[in-house]
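**Student:** Here's the letter readout for the chains.
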Amino acid sequence: MILSFDGVYYTYHSQNGETEAVRNLSFGIEKGEFAAVIGPSGCGKTTILSLAAGLINPTGGKVERENVEFGYMLQRDALFPWRTVERNIYLPLEVKKRNTPEMREKAVALAEKYGLKDFLHKKPAQLSGGMRQRVALIRTLAAQPDILLLDEPFSALDYQTRLEVCDDVQGIIKGEHKTALLVTHDISEAIALSDKVIVLSSRPATLVAEHEITFGNGSPKIRRNCPEFAATFELLRRELGI
Amino acid sequence: MKNLNCSEEHLAYLKRKKIKAVMINAARVGILCALLGLWELCAQLKLIDPFVTSSPSRICATIGELYANGNLFYHIGVTLMETVAGFAIAAGLGYIVAVLLYMSDWARRIFEPYIVVLNSLPKIALGPLIIIWIGTGYSAIIFMTVLVAIIVCIMNTLTGFLSVDKTMLTLMKAMGAGKAQQLTKLVIPATLPSLINTLKIAVGLSWIGSIMGEYIVSRAGLGYLIVYGGQVFRLDLVMAATIILCALAGGMYGIIALIEKRLNK
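Protein chains in written order, with numbering that gives the first Met the number 0: chain A, 0 to 241; chain B, 0 to 264.
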């Protein structure tokens with residue numbers, strides 16, 4: 000297990016009282032696995048990513064992670080508009096003080112491998128939404144993280160771009176043999192992309208079910224056309240109580 | 000310009016745009032000339048009393064006179080020095096204070112009411128204190144200038160810092176960036192455009208500060224000329240100093256605007 004939640008509880012405190020966000024949650028992710036967490040909106044999915052990355056500590060239980068490094072990809076690309084694509088990709092290297100020529104070279108090679116060669120010296124504003132999200136992914140990968148945490152990275156895109164970027168991102172992550180934990184409220188996205196789907200209840204989030212998705216050959220496009228797709232969709236829908 | 004392969008229609012569009020720009024500039028200059036002309040004409044025809052209202056020709060003569068006896072650039076120099084020094088100190092110090100307040104949530108919360116009160120206080124009320132504490136030299140006027148401009152510099156800069164995109168901040172935190180890195184990599188570059196706006200406001204306030212300072216206590220400078228001219232009823236001198244002030248303030252604003260253009264390239 001590269002990452003595991005062991006009976007995790009988490010409670011938020013604010014002026015207006017306390018909110019139990021996560022209750023007795025246990026699950027684990029293997030190295031190289033692409034896992035998706037789905038749940039009703041507002042069920043504390045982002046909290047789970049923050050817990051996984053160690054940005055916040057659980058109120059109870061344990062989050063165990065091997066000595067790994069995390070890369071975070073957010074709902075909005077959050078590219079810095081005053082930096083070129085190339086310098087946006089260097090950002091995590093600068094922050095983590097690993098801005099060596101060697102690391103920069105690797106980052107650029109990655110960008111070129113995934114079709115950003117002609118865009119390196121452009122500003123983000125000159126790119127389409129799909130391209131920007133791809134830059135955001137390469138930026139996340141530049142620091143060579145072991146686990147990628149994806150916080151609904153496609154939800155700000157229009158439907159067509161979303162299908163395209165979704166396949167794109169999954170391809171890149173699989174191609175680089177990274178482990179990924181995706182949180183989303185989109186059932187079909189979760190099924191199409193992941194090896195394992197973790198279903199959560201509404202707040203406080205508890206584990207409802209865990210499914211290994213094995214049909215298709217791992218490509219989202221093929222998976223969407225499999226007969227099992229609709230059945231799995233129905234199953235997850237029922238578990239979510241929609 | 001690469002307009003070789005564009006359509007007639009596009010050329011016509013470009014031409015219309017250019018004509019519009021020329022017309023606007025012509026109208027600007029035209030209005031100024033018309034006003035000055037009307038003023039001069041009324042004064043020449045004795046429709047208004049040039050002793051009270053002055054006139055463009057008398058203003059020119061006064062400026063010429065100041066130039067001839069070597070006082071023109073002396074007074075301009077004094078006021079300019081006070082204003083630029085006050086502006087630089089207010090902007091620089093204001094920025095540093097804003098950074099410190101941004102870095103510490105505690106400091107920000109604690110000092111907020113003090114800043115609000117200082118902002119609302121009419122700084123001229125401190126005039127007598129400044130004279131007694133600092134004296135009657137240039138430093139008193141520079142101090143007044145800093146006082147007038149700095150609070151707005153601090154408040155505007157801090158507001159800019161605090162309104163930086165939350166997603167970008169989350170991203171920086173998720174990468175493990177500390178406060179210092181958040182500041183240098185994200186907050187400072189992201190607020191560069193709003194910094195220029197703050198500087199533009201500070202330019203105006205610095206002129207208010209330096210002239211106000213010269214009103215209270217001075218032996219030279221454009222503000223001094225205005226006060227002195229008023230006291231001895233030489234309104235030509237008052238007008239001449241005011242016109243020079245307009246030109247200088249416009250020029251200083253222009254420099255900031257030029258810097259802005261450079262940055263936006």
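None of these hints come from the bench; they were simulated from the model.
None of these values were measured; they are calculated from a predicted model.
We treat Cβ as the ideally placed atom computed from N, Cα and C, and that holds for glycine.
Wrong hints could be hidden among the right ones.
[Unchecked claim] Cross-link-like lysine to aspartate or glutamate pairs, in silico, EDC-like; alpha carbons within 20 Å at most:
#: 1; chain 1: B; residue 1: K178; chain 2: A; residue 2: E163
#: 2; chain 1: B; residue 1: K199; chain 2: B; residue 2: E259
#: 3; chain 1: B; residue 1: K165; chain 2: A; residue 2: E151
#: 4; chain 1: A; residue 1: K173; chain 2: A; residue 2: E29
#: 5; chain 1: B; residue 1: K264; chain 2: A; residue 2: E85
#: 6; chain 1: B; residue 1: K172; chain 2: A; residue 2: E93
#: 7; chain 1: A; residue 1: K96; chain 2: A; residue 2: E63
#: 8; chain 1: B; residue 1: K172; chain 2: A; residue 2: D145
#: 9; chain 1: B; residue 1: K172; chain 2: A; residue 2: E68
#: 10; chain 1: A; residue 1: K220; chain 2: A; residue 2: E233
#: 11; chain 1: A; residue 1: K122; chain 2: B; residue 2: D164
#: 12; chain 1: A; residue 1: K177; chain 2: A; residue 2: D166
#: 13; chain 1: A; residue 1: K121; chain 2: A; residue 2: E85
#: 14; chain 1: B; residue 1: K172; chain 2: A; residue 2: E163
#: 15; chain 1: A; residue 1: K122; chain 2: B; residue 2: E259
#: 16; chain 1: B; residue 1: K19; chain 2: B; residue 2: E8
#: 17; chain 1: A; residue 1: K220; chain 2: A; residue 2: D185
#: 18; chain 1: A; residue 1: K173; chain 2: A; residue 2: E233
#: 19; chain 1: A; residue 1: K122; chain 2: A; residue 2: E85
#: 20; chain 1: A; residue 1: K173; chain 2: A; residue 2: D117
#: 21; chain 1: A; residue 1: K95; chain 2: A; residue 2: D117
#: 22; chain 1: A; residue 1: K121; chain 2: A; residue 2: E111
#: 23; chain 1: A; residue 1: K173; chain 2: A; residue 2: D157
#: 24; chain 1: A; residue 1: K105; chain 2: A; residue 2: E175
#: 25; chain 1: A; residue 1: K195; chain 2: A; residue 2: D157
#: 26; chain 1: B; residue 1: K184; chain 2: A; residue 2: E29
#: 27; chain 1: B; residue 1: K184; chain 2: A; residue 2: E175
#: 28; chain 1: A; residue 1: K30; chain 2: A; residue 2: E163
[Said to hold, decoys possible] The calculated label-pair distances, taken between Cβ atoms and stated as ranges, are:
#: 29; chain 1: A; residue 1: A230; chain 2: B; residue 2: A106; range: 55 to 65 Å
#: 30; chain 1: B; residue 1: T183; chain 2: A; residue 2: E101; range: 55 to 65 Å
#: 31; chain 1: A; residue 1: D166; chain 2: B; residue 2: A11; range: 38 to 48 Å
#: 32; chain 1: A; residue 1: D117; chain 2: B; residue 2: A20; range: 28 to 38 Å
#: 33; chain 1: B; residue 1: A11; chain 2: A; residue 2: I241; range: 26 to 36 Å
#: 34; chain 1: B; residue 1: A20; chain 2: A; residue 2: Y11; range: 55 to 65 Å
#: 35; chain 1: B; residue 1: A256; chain 2: A; residue 2: Q125; range: 55 to 65 Å
#: 36; chain 1: B; residue 1: T166; chain 2: A; residue 2: E111; range: 49 to 59 Å
#: 37; chain 1: A; residue 1: Y11; chain 2: B; residue 2: G177; range: 48 to 58 Å
#: 38; chain 1: B; residue 1: K199; chain 2: A; residue 2: H120; range: 46 to 56 Å
#: 39; chain 1: A; residue 1: H120; chain 2: B; residue 2: L257; range: 20 to 30 Å
#: 40; chain 1: B; residue 1: T166; chain 2: A; residue 2: M0; range: 22 to 32 Å
**Student:** Evaluate each hint against the coordinates.
**Tutor:** Against the structure, the hints:
A threshold of 20 Å between alpha carbons decides the hint, and for B/K178 with A/E163 the separation of about 36 Å lies outside it, so the pair is violated. With a C-alpha separation of about 10 Å, the suggested pair B/K199 and B/E259 falls inside the 20 Å cut-off, and the hint holds. For the hint linking B/K165 to A/E151, the alpha-carbon distance of about 16 Å falls within 20 Å, and the restraint holds. The straight-line distance between the Cα atoms of A/K173 and A/E29 is roughly 14 Å, inside the 20 Å bound, and the hint therefore holds.
Of the pairs offered as hints, the one joining B/K264 and A/E85 holds, with about 18 Å between alpha carbons and a cut-off of 20 Å not exceeded. The hinted pair formed by B/K172 and A/E93 meets the criterion: a straight-line CA distance of about 13 Å does not exceed 20 Å. Using a Cα cut-off of 20 Å, the hinted pair A/K96 and A/E63 is violated, with the two alpha carbons roughly 26 Å apart. For the hint linking B/K172 to A/D145, the alpha-carbon distance of about 18 Å falls within 20 Å, and the restraint holds.
At most 20 Å may separate the alpha-carbon atoms for a hinted pair to count; B/K172 and A/E68 meet this at roughly 14 Å. Between A/K220 and A/E233 the CA atoms are separated by roughly 19 Å; this keeps the pair inside 20 Å, and the hint holds. For the suggested pair A/K122 and B/D164, the alpha carbons sit about 18 Å apart, so the restraint of at most 20 Å is met. With a C-alpha separation of about 15 Å, the suggested pairing of A/K177 with A/D166 holds against the 20 Å cut-off.
The suggested pairing of A/K121 with A/E85 holds, with an alpha-carbon distance near 8 Å, which does not exceed 20 Å. The straight-line distance between the Cα atoms of B/K172 and A/E163 is roughly 29 Å, outside the 20 Å bound, and the hint therefore fails. Proximity of A/K122 to B/E259 is assessed by CA-CA distance (about 19 Å); at most 20 Å being required, the pair is judged to hold. Simply put, B/K19 and B/E8 have alpha-carbon atoms about 17 Å apart, close enough for the 20 Å limit, and the pair holds.
Taking the CA atoms of A/K220 and A/D185, the gap is about 16 Å. The hint holds against a cut of 20 Å. The suggested pairing of A/K173 with A/E233 is violated, with an alpha-carbon distance near 26 Å, which exceeds 20 Å. Between A/K122 and A/E85 the alpha-carbon distance is near 9 Å, which keeps this suggested pair within the 20 Å criterion. This hinted pair does not check out: A/K173 and A/D117 have alpha carbons roughly 24 Å apart, beyond 20 Å.
Among the hinted pairs, A/K95 with A/D117 is inconsistent with the structure: their alpha-carbon atoms are about 26 Å apart, more than 20 Å. Restraint check for A/K121 and A/E111: satisfied, since their Cα atoms lie roughly 14 Å apart, inside the 20 Å limit. A hinted pair counts as satisfied when its Cα atoms are at most 20 Å apart, and A/K173 with A/D157 does not qualify at roughly 24 Å. Of the supplied pair hints, the one linking A/K105 and A/E175 holds, its CA atoms being roughly 13 Å apart against a limit of 20 Å.
Using a Cα cut-off of 20 Å, the hinted pair A/K195 and A/D157 is violated, with the two alpha carbons roughly 25 Å apart. Between B/K184 and A/E29 the CA atoms are separated by roughly 34 Å; this puts the pair beyond 20 Å, and the hint is violated. For a cut-off of 20 Å, the pair hint linking B/K184 to A/E175 is broken: about 28 Å separates their Cα positions. Of the supplied pair hints, the one linking A/K30 and A/E163 is violated, its CA atoms being roughly 26 Å apart against a limit of 20 Å.
Separation of A/A230 from B/A106 is about 59 Å and conforms to the stated range, judged on CB atoms against 55 to 65 Å. For the pair B/T183 and A/E101, the supplied restraint of 55 to 65 Å is violated, since their beta-carbon distance comes to about 23 Å. In this structure, A/D166 and B/A11 meet the distance hint of 38 to 48 Å, their C-beta atoms being roughly 46 Å apart. Checked against the hint of 28 to 38 Å, the C-beta distance between A/D117 and B/A20 comes to roughly 35 Å, which is consistent with it.
In this structure the supplied range 26 to 36 Å is violated for B/A11 paired with A/I241, their Cβ-Cβ distance being about 58 Å. One distance hint, 55 to 65 Å for the beta-carbon pair B/A20 and A/Y11, holds here, with the actual separation near 56 Å. The hinted window of 55 to 65 Å between B/A256 and A/Q125 is violated, with their beta carbons roughly 26 Å apart. Between B/T166 and A/E111 the CB atoms are about 27 Å apart, so this pair departs from the stated range of 49 to 59 Å.
Evaluation of the 48 to 58 Å hint for A/Y11 and B/G177 yields a failure: the beta carbon distance comes to about 24 Å. B/K199 and A/H120 have their C-beta atoms about 31 Å apart, which leaves the hinted 46 to 56 Å range violated. Against the hinted window of 20 to 30 Å, the Cβ-Cβ separation of A/H120 and B/L257 comes to about 26 Å, which satisfies the hint. For the hinted restraint 22 to 32 Å between B/T166 and A/M0, the CB-CB distance of approximately 30 Å keeps it satisfied.
Of the numbered hints stated above, those contradicted by the structure are hints 1, 7, 14, 18, 20, 21, 23, 25, 26, 27, 28, 30, 33, 35, 36, 37 and 38, listed in ascending order.
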